[in-house]
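J.: Throw the hints in and build the complete structure from the sequences for me.
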Amino acid sequence: MKMNANDILQQATDQYGQRLYWHIRRLVVSHDDAEDALQETFIKIFTKADTFKGDSLEAWCYKIATNEALQSLRKRTHAFHSLDSLNGELADLVLTESAPDADRSAILFQQAILQLSTQQRIVFNLRYYDDLPYTQIASITGKSENSLRTNYHFAVEKIKKYLKEHAI
Amino acid sequence: MKEFENIVTELPYKESPLYVEQLLSRCQANAKRSSRPMGAIITRPWFYGIAATAAALILGVFLFVHNSSPMDRFLASLTDDEAAMILDWPVDDIPECYY
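From first to last, the protein sequence lines are chains A and B.
At position 168 of the first sequence the residue is numbered 168 (this note's numbering), and the sequence of numbers has no breaks.
Going from the second sequence to this note's numbering is simple: count from 1 and add 1000.
Think of the hints as simulated: they come from the structure by calculation, not from any bench.
These figures come from a predicted structure and were not determined experimentally.
Keep in mind that the hints are not guaranteed to be accurate.
Derived lysine-lysine pairs resembling BS3-like cross-links, with alpha carbons at most 25 Å apart [unchecked claim]:
(1) A:K2 with A:K53
(2) B:K1032 with A:K53
(3) A:K63 with A:K44
(4) A:K44 with A:K143
(5) A:K63 with B:K1032
(6) A:K48 with A:K75
(7) A:K75 with A:K44
(8) A:K2 with A:K48
(9) A:K44 with B:K1032
(10) A:K48 with A:K63
(11) B:K1032 with A:K2
(12) A:K53 with A:K63
(13) A:K161 with A:K63
(14) A:K143 with A:K158
(15) B:K1032 with A:K48
T.: Encoded structure:
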């Protein structure tokens, strides 16, 4: 049975809402930016509900959330610079956004993720934190499963190296 | 996940699940509002900035126009000499706001 826009929005909120927020937050780091991107995500989910083809609502919602997060980062990027040029700024932002009693290694781990390329970061977060299968990540990112596996592998290696350099 | 078992990989941010839940409810309500006429605009934060500026301007013009009393408006309609005679002030002391 085809779901209407209200059903889709309700399901997206109830089942994936928390995960979508944290997925966006991990990408944009700032809570305010995450809130704006989440709002845009929900507006798109509701207004574009008729374009949902009915295969995986989870992947569809993640795709919208990822695009909105990237859109939010693009607004912060200087003209003619890639999204990766923001990595240093985002890594600094982790410190200011962290809770006062946050574990040092938790902060360092996020900073390690933020020195990955944007593509690697998306793949790593979706696989490591959201535990999504590669087939699902492929439909979110539009990349082949093989290239996603390679991205994930290199992401893990880079994070390990970063943590080793920072004595964790 | 086995890769980083011996370190803390949880996010260091302070927002609680309850806080995110409330945020989600707000976003859901705004998303529904966005499908109404003008809804796509009124759910955007910048809309409130523009609306507040416009309201302040309208209020300013309103106060400017209505701040003058009937006496002020009457005096403004007179010539300098007539106003000076009624107020019993020298012509040069008639304030500019009466012109």
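J.: If a hint holds in the structure, say so; if it doesn't, say that too.
T.: Hint-by-hint comparison with the structure:
no.: 1; hint: A:K2 with A:K53; result: holds, 9 Å
no.: 2; hint: B:K1032 with A:K53; result: holds, 20 Å
no.: 3; hint: A:K63 with A:K44; result: holds, 11 Å
no.: 4; hint: A:K44 with A:K143; result: holds, 22 Å
no.: 5; hint: A:K63 with B:K1032; result: holds, 20 Å
no.: 6; hint: A:K48 with A:K75; result: holds, 23 Å
no.: 7; hint: A:K75 with A:K44; result: holds, 18 Å
no.: 8; hint: A:K2 with A:K48; result: holds, 14 Å
no.: 9; hint: A:K44 with B:K1032; result: holds, 10 Å
no.: 10; hint: A:K48 with A:K63; result: holds, 13 Å
no.: 11; hint: B:K1032 with A:K2; result: holds, 19 Å
no.: 12; hint: A:K53 with A:K63; result: holds, 13 Å
no.: 13; hint: A:K161 with A:K63; result: violated, 30 Å
no.: 14; hint: A:K143 with A:K158; result: holds, 21 Å
no.: 15; hint: B:K1032 with A:K48; result: holds, 12 Å
Comparing the model with each numbered hint stated earlier shows that hint 13 is the single one that does not hold.
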